[in-house]
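Residues per chain are reported as follows:
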Amino acid sequence: MAAKKPEIPSIADLVAKVKSGEIFDEIKKVIVESQVWTSSFRHGYADTPRNRVLQIASNVWLHLHPVKIHRHALRIKFTWCMGGITFLLFLSTVVTGVILMFYYRPVGEYAYFDMKYLQYDVPFGMLMRNMHRWAAHAMVITVWLHMFRVFLTGSYKPPREFNWVIGVFLVTFTLLLSFTGYLLPWDQLAMWAVTVGTNMARATPFLGNEGPFAEYVGVTPRYDARSVLLGGSLVGPPALLRFYVLHCIFIPLVAGALMIVHFWRIRKDGGISGPL
Amino acid sequence: MAAEAPKDKVEGLAEKVHVWPYLVRVEFLCALFTIIGLTVWSIVIDAPLEEAANPTKTPNPSKAPWYFLGLQDILVYFDPWFAGVVAPVLIIVGLMLIPYLDINPKGNGYYTYTERKVAIWVYSFGFLVLWIALIIMGVFLRGPGWNLFMPWQYWDPHKVVALTSVDLPYAFGVRTYNMAMLFGGVVIGGYFALGTAAYLFLERKAIKAVGLLRMLIKVQLYLIMIGIVIKIVLRLGFNIKYVWVTPWFNI
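Sequence lines, in order, name chains A and B. Position 112 of the first sequence, counting from 1, maps to 112 under my numbering, and the rest follow consecutively. Numbers given in my numbering equal positions in the second sequence, counted from 1, plus 276.
Bear in mind the hints are in silico, worked out from the structure with no lab data behind them. Certain hints may be false.
If you want the footprint, here are the derived chain B segments under chain A, 3+ residues with CB under 8 Å [said to hold, decoys possible]: (1) 298 to 309; (2) 348 to 358; (3) 481 to 487.
All of these numbers come straight from a predicted model, not from anything done at the bench. We put the beta carbon where it would ideally sit given N, CA and C, even for glycine.
The shape of chain A in the complex, shown without the other chains:
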């Protein structure tokens, strides 16, 4: 006996199924019950309390949140959304910054011309540069506003003292990130702004060659706090390379690590602050 042949559906049946919409349900069923689908998506999308919880708890990006929060934390008037916006702007600078790194060389001879190349020859180069710079400036503002909001709501008070301290570090690193990036265009604006900024280091008490009590330590213009920062006694190519490495690797890693602690501590300290 021959094996039973699969039934060939008649055209009329198919048309009827399409017309009634039944065929879409069948296709959906095949897809949703497939091994690929069930291994990728662990729960349904229907708006049930269970799915609302799973949507947060089973998602690596969203599980930073608790599954439930106090309703007052939803109020934009309370949070100003500034912490979240600061983080988003940081992510924007990471994405645009990595793209810029493909075209930019932190070498005295090349840096400025790479900027010109980026602006005039690279597709969307100018846009990437603009987004990177404006996001960085905006981030400085939003992080200050975030801090102001946290102060005004007294959110640094127990049990959140430690997270406030981490936050102050993050404000500082935000400024340092922005400052080290300021040198990289290697134009007049960059060089002299960083000259003004780093000149302060040579006035460091004890460790700067023009600072108070420097004569007792014996630091020199070639060997003091400022020269460590610049890799020389003026803002030259070694300073450019140093600022580049600090800007692209060291400070983002440290700031990123502190952000992990900062976000984790929000959860551990009982979630976003609110009236007790």
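Based on these hints, arrange chain B on the given structure of chain A.
For chain B alone, kept in the frame of chain A given last:
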């Protein structure tokens, strides 16, 4: 900036609500508007790129990045070791100390002015006046030679400003170097000693509850903050350059 969750809807919810969808929705809208804003801004306004860096050509004025201009402006009134190094360190350390110095249990997690007036005044003064206002002044009003120019004035690089400032001991008739050093030291030391004593006296009832060490640190930070303002007034109003001149440092 972003769409607010409708108030009546939020009020009608239970005490605790699901993050999905209530919070994620707000965050998504916030992110959307931020990214749209950033993109539009980046399309409309180009980041500046001046001529290539040239170490032999110093622009006048040379300005630090805008967020440091408050500190650069303090350089008018203080030497670099204070304005550029000690002041920023004090700001950072002082900010970190806030939760440990302000032990007022009220106002934890909600907006209130009446329950913590001093804290709000001090922070707002430091942030809005000493930080933001000085930055605005540094960005818009400081021209060549770091001289003050109103927005409608021409940035004249040859503007002549009389350098008539003298040191405080000199203004009081002290003429020898050693006596001037002594005079300045007494003034600065006296300022901190009297300020501390006055604060502890006025707040004597709080010493037991707050703790002496906490109060001592707090009042030093207050006095430094007020001292910066006093120095600015002395310089602008009375042409005083330094209060205390020593062989090692000047204040």
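Verification of the supplied hints:
no.: 1; hint: 298 to 309; result: holds (count 7)
no.: 2; hint: 348 to 358; result: holds (count 4)
no.: 3; hint: 481 to 487; result: violated (count 0)
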